[in-house]
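Engineer: Read off the chains here:
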Amino acid sequence: MKKSHIVLLVLVAAAVTIIVSMFGDFSTYETFASAAQDQGKQYHVIGELAKGKSMEYDPLKDPNHFSFYVQDKSGQVSQVVFKGAKPTDIEKSEQIVMTGYMRGDVFHCNKIQMKCPSKYENDQVAVANQG
Amino acid sequence: METLYIGEHLGPGQLGHFFAILSFVAALFSAFSYFRSANTENTDPQGSASWLTLGRNGFVVHSAAVMGVFFTLYYIITNHLFEYHYAWKHSDLSLSSKYLLSCFWEGQEGSFLLWSFWHSVLGMVVMFTAKKMESRVMAVIALVQVALATMLLGFYLGPDINIGSSPFILLRDKMVGAPIFSQPNYMEFIKDGNGLNILLQNYWMVIHPPVLFLGFSATLIPFAYTIAAIWKNDYKEWIKPTWIWSLFAGAVLGTGIMMGGAWAYESLTFGGYWAWDPVENASLVPWLTLIAALHTLIVFKVTGRAYIMTAIMFILTYGLIWYSTFLTRTGVLGDTSVHSFTGEGQSLYWHLLIVILVLIGISKALLIARWKSLPRVKSEEQVSSREFWMFIGSFVLLLSAVQIIISTSIPVWAPLAKWISGKEIAPPVDPVAHYNSIQVWVAIVIALLSAAVLYLKFKTSDTRLFWKRITIVAAISTVLTLIIGFTQKISMAQYAVLLFACSFTIVATINYAISIQKGKLMKLGASVSHLGFGLSLMGILLSSYNKEVISYNTTGVIIPYGEDKMENIRESMQNVILYKNITVPMGEYDVTYLGDSISANDPRTFYKVYYERRDSVTGKVVESFTLYPDAFVNPKGQEGGMSANPDSKHYLTKDVFTYVTSVIDPSKREDTNTYKKHVMQIGDTVFVNRGYVIFRGFSTSVDNPHYTPEPGDIAVTAQLTLKSLGGDSMRVAPVYYIRNNFENYIEDTVADKRTYVRLSKILPEQNGAELMIRQPDEDYVVMKAILFPYINVLWLGIIVMVIGFFLSMANRITKKEKK
Chain A
1 MKKSHIVLLV
11 LVAAAVTIIV
21 SMFGDFSTYE
31 TFASAAQDQG
41 KQYHVIGELA
51 KGKSMEYDPL
61 KDPNHFSFYV
71 QDKSGQVSQV
81 VFKGAKPTDI
91 EKSEQIVMTG
101 YMRGDVFHCN
111 KIQMKCPSKY
121 ENDQVAVANQ
131 G
Chain B
1001 METLYIGEHL
1011 GPGQLGHFFA
1021 ILSFVAALFS
1031 AFSYFRSANT
1041 ENTDPQGSAS
1051 WLTLGRNGFV
1061 VHSAAVMGVF
1071 FTLYYIITNH
1081 LFEYHYAWKH
1091 SDLSLSSKYL
1101 LSCFWEGQEG
1111 SFLLWSFWHS
1121 VLGMVVMFTA
1131 KKMESRVMAV
1141 IALVQVALAT
1151 MLLGFYLGPD
1161 INIGSSPFIL
1171 LRDKMVGAPI
1181 FSQPNYMEFI
1191 KDGNGLNILL
1201 QNYWMVIHPP
1211 VLFLGFSATL
1221 IPFAYTIAAI
1231 WKNDYKEWIK
1241 PTWIWSLFAG
1251 AVLGTGIMMG
1261 GAWAYESLTF
1271 GGYWAWDPVE
1281 NASLVPWLTL
1291 IAALHTLIVF
1301 KVTGRAYIMT
1311 AIMFILTYGL
1321 IWYSTFLTRT
1331 GVLGDTSVHS
1341 FTGEGQSLYW
1351 HLLIVILVLI
1361 GISKALLIAR
1371 WKSLPRVKSE
1381 EQVSSREFWM
1391 FIGSFVLLLS
1401 AVQIIISTSI
1411 PVWAPLAKWI
1421 SGKEIAPPVD
1431 PVAHYNSIQV
1441 WVAIVIALLS
1451 AAVLYLKFKT
1461 SDTRLFWKRI
1471 TIVAAISTVL
1481 TLIIGFTQKI
1491 SMAQYAVLLF
1501 ACSFTIVATI
1511 NYAISIQKGK
1521 LMKLGASVSH
1531 LGFGLSLMGI
1541 LLSSYNKEVI
1551 SYNTTGVIIP
1561 YGEDKMENIR
1571 ESMQNVILYK
1581 NITVPMGEYD
1591 VTYLGDSISA
1601 NDPRTFYKVY
1611 YERRDSVTGK
1621 VVESFTLYPD
1631 AFVNPKGQEG
1641 GMSANPDSKH
1651 YLTKDVFTYV
1661 TSVIDPSKRE
1671 DTNTYKKHVM
1681 QIGDTVFVNR
1691 GYVIFRGFST
1701 SVDNPHYTPE
1711 PGDIAVTAQL
1721 TLKSLGGDSM
1731 RVAPVYYIRN
1741 NFENYIEDTV
1751 ADKRTYVRLS
1761 KILPEQNGAE
1771 LMIRQPDEDY
1781 VVMKAILFPY
1791 INVLWLGIIV
1801 MVIGFFLSMA
1811 NRITKKEKK
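First to last, the sequence lines map onto chains A and B. Position 119 of the first sequence, counted from 1, bears residue number 119 in the working numbering, the numbering being contiguous throughout. Start counting at 1 in the second sequence, then tack on 1000, and there's your number in the working numbering.
Don't read these hints as lab results, they were simulated from the structure. Hints should not be assumed to be uniformly reliable.
Said to hold, decoys possible - Covered stretches of chain A, as calculated for chain B (at least 3 residues, CB under 8 Å): (1) 16–22; (2) 79–88.
As the list claims (entries may be wrong) - Far from chain A by the CB rule (all over 12 Å, computed), these chain B residues: (3) Asn1162; (4) Pro1210; (5) Val1211; (6) Phe1466; (7) Glu1770.
Here a beta-carbon is modelled for each residue, glycine too, at the ideal position from N, C-alpha and C.
My request is simple: use the sequences and hints to build the entire structure.
Structural biologist: Dropping the structure here:
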């Protein structure tokens, strides 16, 4: 057996290990209810802005606090708190993908991704509070 | 009955559509002729020559037709012919002329057109330089052009089934049934187009897409040569042109990718140049495999080894280019990408899938057919040889590409995973950490290899000399690592190792270029591009490791929001509110927002933010500068919206990066100048502009110059403390009294007369009060500021790397091959 083959085998083995372990990194799409089962664990939740519910963002009070309500795919409505500036055009969003965790009944998210029924090609806006 | 429409310009569209069909037919003809020419080469040289002429003519006609499509579309956009859907959707009257070209890359049709345009330009160059390989290489290029031309055909076979989409489709045909088109004079109502996405109205977006697409297109040439070589069963002649073309492709694609990074850095507000976004990854991955293929090609040239790996990787690179189009254009990425484009329907999905399968299928069939005669070397290479480690390096690059593409393609294979495991797989919660945690090790290995292989010789090396030189280099780089590591406080183990690896690359390449290559410019290609690679990694490491958000709320007031007081306050306070003319400290700067400004010929609003740095001892102003982050406020069709562009102060050693995250809505500005009602209990706090008010309690001892007690009065004051963000504490005591059964108030105000407080009601049952607080009109912006240290090292590294590529290219072109 060639030495290069041995090195390649070792590399492939390492790569397979890394790729298998990286599956642990992948998140899953959940609903508010299923995310609430594991409080504090980060998930992706897809939903839409709950109609007729209030949105709260007052930069005068706190520029890093935006609270709103989302109806997830199962129909459950939950309050969502985003620690950051209110994403522009969230009112017009068709769909919202949030990354975050449940604490009690409130979903705390650190990333919001919106799909707008926009005439623009690049119709997604992502907002994250990490710099 | 057909409606006769008034005011339409149908000519350009018909001409353009004609060119589109002509480009398809001519490409098909050219591909067929070149194919015949290649196949009759040995049996009928004369016939082969005539087929070659036909193929050339076909390709020239095809290229002319592509230009025709391009200029027709350009004419439609510049003349604002909004009866065409493309012009209506992607441009408007106010668009300044420098962005007119950007309309091309906003839409799907324009992107394919640009791609096709570059292919035909490069194809012309190949036609004149490929010599004996021309017929085969051009047959492949023309075949790919056939595939691209179908993307612009716009044949509609049914409501949802179409082959390609034409950029010349009329608005009324695109929106069949819209009531406006029942009027023959509908053009009188369509005064303006929708306009270009404001994100694309940036100078980087004028140059980044053409360069990136040139890079994409350039990968076709090594692919075409690879296929031609297998087809001809000749593995010698293709090496030189493939080498030159892959150097060109590597340089241009690399530049294009980093221009995208520069665009993201300067005009997107995610605060960085690289976010491991699927769209970025999709263009990075083919670059990685291209670089891997380039290196194994060199191994093959010198030693005759690694042919199969080289061929597979050139094919894979081009397949990945199409796959990246598939990822970004079909909407399959859906929810995962910042700049994922809308799905263009099922037709494009299948269209691209078929093209990819055909390209891979042809390549695979050829490889299998020639499998036995592909060049191989039986003997074993030396571990001390350069080729051995170059091969390992290329393989690591390939593995890195595999990891990135698996993670990026999650939305593609998630349905399968759901079918197997029942779980809906989503991308990692923190994609940056996910990719970094793996790719940092790849970077370390590649950096070390790219430096070390220079000191090895092909076939076999003097190991003692190698270790002697490497030890010296390692010693110098250790010193460099320690200096940088301590001054930059790099403490995490894997990043410290990376720091050593890139220091090692930098020291080793410079040393190699000077002491071994004696600075002979034409030979420096490899060492210069590897130096650039090391510098880029160093720049990435330094700028992202010590990236610092300086816009924390540093006023000393911790705002108690919600019940999660302790929860990661640092993370959540990256946005800071700046009131007009009020100075806020940020990092080492004192920052003041001085107001906004607009100009007549720019739709943006500019926010003037003044930075001042004082000496910590003397208190003297050491430096000052003004940044103008801007934003589109209420852009067309998006009332209440905002799209911000950052502004940066560039130093040699760092950047101060600023952008506005929220502004006071100009239309709502007056609202703040009214009383706001607050119901407070004793001990409560409410926030007001520039501070907060604490309600400490009531007092019946009223001491107010405006109040003269009378018998029978019931008088009470509310004891309030107003704490300003500046840290001052002021007492406010509004008076409430009942005289003759009537309620009376005496407002109180603080010294600067900015905040007026009225005690309007007493709520004994709640032990509280109703307070009315009025504050004057306040102009403010909410802003985020980030410090990027040493980002210039990254840009320098990229430039050095690209220079290295071009040096190698020049060296290859001028070098006479030994026969």
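Engineer: Each hint should be assessed against the structure and marked as holding or not.
Structural biologist: Against the structure, the hints:
no. : hint    : result
1   : 16–22   : holds (count 3)
2   : 79–88   : holds (count 6)
3   : Asn1162 : 18 Å, holds
4   : Pro1210 : 17 Å, holds
5   : Val1211 : 19 Å, holds
6   : Phe1466 : 17 Å, holds
7   : Glu1770 : 19 Å, holds
Comparing the model with each earlier hint shows no violations; every hint is respected.
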